[in-house]
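J.: What follows is each chain in one-letter form.
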Amino acid sequence: MKISQLSVFLENRPHSLLEPLQALAAAQIDLSGIALADSEQFGILRLVLRDWARARALLQSGGWAVTVTDMVAIQVEDQPGGLVRLLEVLAAAGADIEYMYGFFVRRSGRLAMLFRFAAPERAIAALEGAGVTMLGEDALY
Amino acid sequence: MLKERWNDRAGGFHPVSAPDFLPRPQLRELQSRRLQAVVARAWDKVALFRERLQARALTPNDIGGIGDIAALPFTVKADLRDTYPFGLFASPMDEVVRLHASSGTTGKPIVVAYTREDVEVWTEAMARTFAACGLHRGDILQNAFGYGLFTGGMGTHYGAEAIGAAVIPVSGGNTERQIMLMRDFGVTAVCATPSFFVHLVEKAAEMGVDLKSLPLRTGVFGAEPWSDGMRERIEAETGIEAFDIYGLSEITGPGVATECTCHDGLHVFEDHFFPEIIDPATGAALPDGEEGELVLTTLSKRAMPMIRYRTRDITAILTEPCGCGRTMRRIRRISRRSDDMFIIRGVNVFPSQVETALLEVEGTVPHYQIVLTRDHGLDQMTVEVEVTPEVFSDTVRGMEELRARIGRAIEHVLGIRVGLRLVGPHSIPRSEGKARRVIDKRHD
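Residue numbers (my numbering), protein chains in the order written: chain A, 1 to 141; chain B, 142 to 585.
In isolation and in its complexed conformation, chain A is listed as follows (with noise of 0.2 Å):
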C-alpha cells in the first residue's frame, strides 16, 4: 500500500541537482517520479522509483543526506471531480497533507497520484472506508 521516496537535501548552489541524478543514472537506475522542494536556502529532490533501495545506497555512500518516506499512491478516476472526490475523502478524516506530486502517469495509461500524508496510517484507513483504490509498488512500476 505504501510506496516509499527518497529525499535528498541539496544545498542551493550550481549543479547541486545534476550530481546526485548523474550518480543514478551512471548506475542505469530509472526514476518515475521526480519533486523538487525549494526554499531560499536550500532544496530537497523528492525521488520514486521502483530501485529505491539501491539509488539510497549509492546516494548515501556519495555523500548525500537522504531520508525514506512512505508515501500513498492513489488511484484517482481521470474525469472531471475525480481528485475532489478523493481530498473529500481526506478532509473528512482529517488527514493531513504533507504534500503531493502534481500527477503520476502509471504505464497502463491510468492515472494515480502521490501523497505524502503526516499520518499515512490514517489517510489510508479512511481511503479504504471510502472505497479508493490505492496502489502497492507491484501495481505502480
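Everything labelled a hint here was simulated from the structure, so no lab data went into it.
For clarity, every value in this text was computed on a predicted model and none was experimentally measured.
Cβ coordinates follow ideal geometry from the N, Cα and C atoms, glycine included.
Where hints are given, some of them may not hold.
[As the list claims (entries may be wrong)] Far from chain A, some chain B residues (derived; all Cβ distances over 10 Å):
| # | residue |
| --- | --- |
| 1 | PRO233 |
| 2 | ASP235 |
| 3 | GLU261 |
[To be verified] Coverage of chain B stretches by chain A, computed from C-beta distances (three or more under 8 Å per stretch; other residues unrestricted):
| # | region |
| --- | --- |
| 4 | 426-433 |
| 5 | 518-530 |
| 6 | 563-572 |
[Said to hold, decoys possible] Partner residues are not named here, just some residues of chain B that face chain A (Cβ under 8 Å, in silico):
| # | residue |
| --- | --- |
| 7 | PHE533 |
| 8 | ASP535 |
| 9 | THR536 |
| 10 | VAL537 |
Since the structure of chain A is already known, use the hints to place chain B on it.
T.: Positioned in the frame of chain A, the structure of chain B alone reads:
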C-alpha cells in the same frame, strides 16, 4: 598518606605520578630553585633575554624565588619568529637531540629544540599525563596525533611507552584503517584531536563498527579547544571516558597539563611548567581564580627556556584542592584563544561559542565552520552547518524549523543574529589534525 597511595599497586597511583602529589611548600621551594637556574641559564645563553633584563636594570640575582617571577619580561610568539630559526636556543647543537617546528601557515614557522634532558622531562610529563588518565601497562594506545614536525605524535608516543602501554604509531589520517586497527588490535585507548575523533566515530558508524562493543575505554584529546558538550556527545556515542590534555610546542608540546578522573580542570605540571594568569590588555598579573591569559615558564627546559611565555589561551587557575589529591594547581578547560576571537558588529565572538550553541540543538553533530566576509566595510559572519541524515526532514517546513532552532541557539549564545547556511553532509573539509573552524575571506 599520599605517598603510600601512589605506590599502591592495587588500583593506586602509578609511581610516575609521585611528583603530582608534592606538598605545596616543597613544590614552591622546587619552583624557586628551578626558576633561578633557568633565569641564570637564559641570561648566560640567550642574548634577547639578557638584553630585556638589562633594559629593566635586572640581573638574575634579583630573582630570589618564584614570588619574583612577575618582574621578568614576557616572551611572545613574535620573538620566536624574529629569531628564526635558532636565536632563542640556550644549548649548542652538540647538545640538541630533537628539533620540532610549527606548520608556519602565517609567515615563518617557529622552531623548538630539546636536549636529551628536555626529552626526558617531556616524556615524564606525558607519562604523568597518561597515568592521570588511568592508562597503564597492558593498555593498547592508538596514537592518532600527527607524527612529524608537530610535537603531538612523538610527545604522546614517548610518554605512553614510558608507562608501559603498547603504542600504535598510526598518526593522523587514513580513517578506515584507523577503525580497522581499533577493532582488530583491541585498542583500549586513543589519542587524537577531538575533531578527528568525531570524524572516526562517524566513519565507524558508516562501516558498521560499534565502538561501544570494542575494548576501547579511554580517549585522550587535545591540540584544539573543545567544549564540554562535545565531550558528553563523544562519551555518549562511544562509551569511552574522554580526557582533555593541554600543551604547546613553545613550552614542550603535549604534557603541560591534563585532566584527572575528576574532570574538573587540568592539573598543570607546575614543577616543570609554571603557570600565571595575566590581564591580556595590561600584562598585569591576576590572582588565582580570575580569568585572563595563561602565561607559562619552563622551569627545567635547557635547549630553549621560555620565560613568561604568553600562550594567548584564556583560562583561570583553580586553587581548591582536587578530589584526586594532586597538589598541582589546575587551569580551567581552555575553550578560547585570544587569537581566535573576532568582532562582529561590536560583539566579541569565539568559535567555541558557536559550537556550544550547535550542541544545544538536538541532533546537530558538531561539523560546522564559520565564514567571515566583508560586505561594504562591515564584517559578516555565516555559520555553515552540515545536515546529517538524522536531522534531515523531507519537508521544507521540517528543515526550516531546524534552521530556526539553530539560528535561535546561536543568537542566544552570541547575542547577535548571524548568517546561517545548511550544507550537505561531508561538504565541510574534515581535519586530520587541528580543525579549521574559521574561514576568513575578509581580505580576499
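J.: Give a verdict on every hint.
T.: Do the hints match the structure? See the list:
no.	hint	in the structure
1	PRO233	holds, 53 Å
2	ASP235	holds, 53 Å
3	GLU261	holds, 47 Å
4	426-433	violated (count 0)
5	518-530	holds (count 3)
6	563-572	holds (count 6)
7	PHE533	holds, 4 Å
8	ASP535	holds, 3 Å
9	THR536	holds, 6 Å
10	VAL537	holds, 5 Å
In summary, the one numbered hint that this structure violates is 4.
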